[in-house]
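**Q** Chains as they are written, first to last, in my numbering: chain E, -15 to 502; chain V, 698 to 950.
Among the clues, some could well be false.
Using C-beta positions, here's what the derived DEER-type ranges look like [said to hold, decoys possible]:
#, chain 1, residue 1, chain 2, residue 2, range
1, E, A451, V, A876, 21 to 29 Å
2, V, L790, E, P193, 34 to 42 Å
3, E, G136, V, A733, 50 to 58 Å
Derived coverage of chain E by chain V (criterion: at least 3 residues anywhere in the stretch with Cβ under 8 Å from a Cβ of chain V; other residues may be distant) [what the hints assert, rightly or not]:
#, segment
4, 296 to 302
5, 318 to 326
Sample of chain E residues at the chain V side, in silico, Cβ under 7 Å [stated by the list, open to error]:
#, residue
6, G329
7, P391
8, Y491
Simulated from the structure, these hints should not be mistaken for laboratory data. No residue lacks a Cβ here, since even glycine has one placed at the ideal position from N, Cα and C.
Letter by letter, the chains look like this.
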Amino acid sequence: MPRNLKTRAAIVLIVLVASIWYLYPPKRSISLGLDLQGGIHLVLGVETDKHVASQTDRAAEDFRGALDRRGIAVKSLAREGLRAFTVELASPQSWNDALTVAGEFQTFERGREDQGAGRFTLTMSEREALRLRDDAVRQGLETIRNRVDQFGVAEPTITRQGEDRILIQLPGVQDPERAKALIGKTALLEFKLVNENVDVQAAVQGRVPEDSEVVYQRRVDRETKEERRIPYVVYKRALLTGAELTRADVQADPNSSGNWQVAIEFTPNGTRIFGEITEQNVGRHLAVILDGNLQLAPRINERIPGGKAVITGQYTIDEARDTAIVLRAGALPAPVTILEERTVGPSLGADSIRQGMIAIVASALIVFVFMLVYYRLSGLIADVGLVLNLVILLACMAAFGATLTLPGIAGIALTIGMAVDTNILIFERIREELKVGKTPRSAIDAGFHRALRTIIDTHLTVMVTAAILYNFGTGPVKGFAVSLFVGLAASLFTAYFFTRLLFDVIYMGRRKVEAVSI
Amino acid sequence: MIQVFRNPSYRFIENRKWAYLLSAVVLAVCLGSLVAQGLRYDIDFTGGTLVQVRFDTAPSVADVRRGLARTGLGDAVIQEFGEAREFIIRVPLGAASSEEMGKRVEAALAQEPALGKVEVRRVEFVGPQVGRELQQQALYAVLAGLGGILLYIAIRFDIKGGVAAVAAVFHDVVVVLGALSLTHREFSLPVLAGILTIIGYSVNDTIVAYDRLRENRGKGMVKGKTFAQAMNDAVNQTLSRTVLTTVTTFFSA
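Chain E with its partners taken away, still in its complex shape:
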C-alpha cells in the first residue's frame, strides 16, 4: 500500500470522474434488458437440413434439364436422403453421355453405378453440405435483419447463436404475434405452371405425376370464419422465384372492397423470364405460391412485358403490408422454428424496475444504518465506500455497454452484501487488534494488512463462480453474472483501497490518536 496519500487520492478521484463521465446522461448510458423495458426475445432454429435437401432437389432438376438438352431420356430421378439423388436412364446406351453431364456437377460425387440398368447416384460432397448449412444460417440472419429493419424496431439485437440458431431481441414491440409471424415466415415466392392434364380429384387421392405436386389455396370466409382448401395440381419446377423481385408495395384491391393486394416488380432478368413464361403459355394458368400456399392462379391472357404483377389473396392491410415486407426482404433459405420465446409486456417491465429499485434502496438503507450504528465513524466510511461502489458498478456497465436485467439488479443487491462483508472483515480485525492492546494506528494497519489475504480469497472464489455462471448461463443468468462480477471487482477497490485511504486521512494525519471510532 503506497504511503503517499496524494497519489492514492488522485487515483480515487480519477476513477470517480471517469465513472461520472460514463454515467452521464443516465437515461442513455445504461441499456435496459427486455425484462425491464418490455419486448420479445426469440431463439430460432434454422432447419438447415431442409436447405440441403432443397438444394439437392434443385440440382436434380438441373441435371434432368441438362440430360434433356442432350436428348437423353430419363426413366426416373429421385432424391435419396438429404444430399443424394439417383437417376435411372431410359436406355443404357446413353450411359457415357450421361456420365459426361454428371461430370459437370462438380460438387457431386458419382457412386453406386449399375451400367446394365443405366442407374447411378450423385451425392453432394460433405464440404458442400456444410457450406450450404452455414449459408442457410447466415442468409437467414441477413434476411431477418432486413425484415426487422423494415418493420421498424428501435435497437434490435439479431445475432447468430451456436451452429444453427438465431437470437432475436426486439425491445418495445407491442404486438409480438405479428412480429413473430413476420420473422418466422419463410416467404418463398414461386411461380409455377398449373398442370391441367391431370384430374385434380385423382391427384388429391395420391395419383400425382412425378413432375407435379398438389398445392392448396386457402380461402377464409370473412363472416363465418370458415376455411376452405381448394386443391390445385402444379408442376414442381418453379419458373421464377421471389429472388427476382425488386419492389413489393401495398395497394387497395380494385376488384373487391376492403381487401388489399401486393404489387410486385421484377428485376430486368426477372422481367425477361416473366415475359417469356407469359408468351409461351398463353391460355394456361400460372400459380403464384407463397410458402407452399397457392395465392392465386390466374389465366395468362397475353405476354406481359413490363415485369409487373399483383398478388391478390384476400389480405387485410396488415397482412398485405407484412407480405410486402417479407417479399422485399427476400425469402429465408430454410424454414425456421421457434425454440425459445420470452415476451414481456411494457407494464410488467416498468413494475419490475420499480420493485427492483425499491429492493436495492431498501437493502442498501438497512445495511447503511446497521454499519453506522454498529461501527460508528468507521461504519460511515464503509457507507461512503458502498456508494462509490454502486457508482463504479453502474459506470462499468455503461462503459462495457452491458445490459441491465432483472437478475442483474439482484446481482447488484448481492454486491452490496459482498462489499459490506469486506468492511466487516477489516473492522472486526481492527477491533481484535485493539483488544490485544495495540495502539489505534498500528491496529488499523494490522487490521487492513491481515484481512487483505482473506478479502482477496473471498472475492476471487465468488468471481470464479460468477465467471462460470457467465459461461454456462443464458440471457437472464448472464446478466446476473455480469453485475456480480463487476460489482466484486469494484468492491475490491472501494471497500479496501478507498476506505483505507479515508482511514489514513482521518487517523494518520494527526499527531496523536486517542481512540478509533469503530
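With the hints as your guide, set chain V onto chain E.
**A** Chain V only, in chain E's frame:
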C-alpha cells in the same frame, strides 16, 4: 461499542457431534423430500409455456381454471403471483403449439364472465430441445462451480481443505434444494443463479476460517495447543464476522 459476541470461545470441535447430528437430520429430511417428491422444474428446464396475466379485480383460482378450460387448458398449473389479481399459468409442452398460446389464454379468460378485464403481461416459451440443454447446462454450471472452488482452495490451502469446503458447499446446496422441494417451489433459472451464489458465500465463510487457522498456525502452535484448539480459535475469531455478514446479506436478499 456494540458487539454481538464478546470474546467468543465456543467449543465447536468438542461439540461437533451435535453439529453432525443436526446436519444429518436436516440432510435426511431434505434428501427424503427430494427423493419422495422431487423438484418441480420450471419450464426453463422442462420446456413448455408460461403466461403471466393480470386481472382488474382479484378472481379465484377456480374462476381462472374455468376460463382456461374453455380452450382445453383446464389442467394447466395456475399460481398466484405477487398479488391477488396476478397469476402465472404454466402449460406443459405438447398441449398446444406455443405460437398463439398468449392469445389463446387471453381470449379464453376474456370470455369467462366471472373474471374482469385481463392483461397478458408476459409469455415465455421454451422448446423441448432448449429445455434439455438448459438442464444439462445447469448441472455443468454447478459442477464447474464446485470444481473451480475445489481447485482454488487446493492451490491456496491444501487438497483436504478443498474437499472439506466442497463437502460443506454440497451440504448447503442440498439443504436449499430440499427447502425448494419441501415448499413446492419451482426450480428455475434465477433459482439456479441463487444457488450458485450460495456456493460462493458458503465457500467464503469456509475460506475466512481457513485463512485464520493458517495465520494462527503460522505463528507457531502456541504453547501446547492441540490442532482442535487451534481450529476452535480460528472459528471463534471469525465467528462475529461470519454471523454479521450472513445477517447483512440476509437483509439485502
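**Q** None of the hints should be skipped; say for each whether it holds.
**A** Structure-based check of all given hints:
1. E:A451 x V:A876: 21 to 29 Å: Because 27 Å falls inside the window, the suggested range holds.
2. V:L790 x E:P193: 34 to 42 Å: The hinted range 34 to 42 Å holds for L790 of chain V and P193 of chain E, with Cβ atoms some 40 Å apart.
3. E:G136 x V:A733: 50 to 58 Å: With a Cβ separation near 54 Å, G136 of chain E and A733 of chain V satisfy 50 to 58 Å, so the hint holds.
4. 296 to 302: violated (count 0)
5. 318 to 326: holds (count 6)
6. G329: holds (4 Å)
7. P391: OK, holds: P391 of chain E within 7 Å of chain V, min 6 Å.
8. Y491: It is violated, given that the least Cβ distance between Y491 of chain E and chain V is near 17 Å, above 7 Å.
The structure does not agree with the numbered hints 4, 8 stated previously, though it agrees with the rest.
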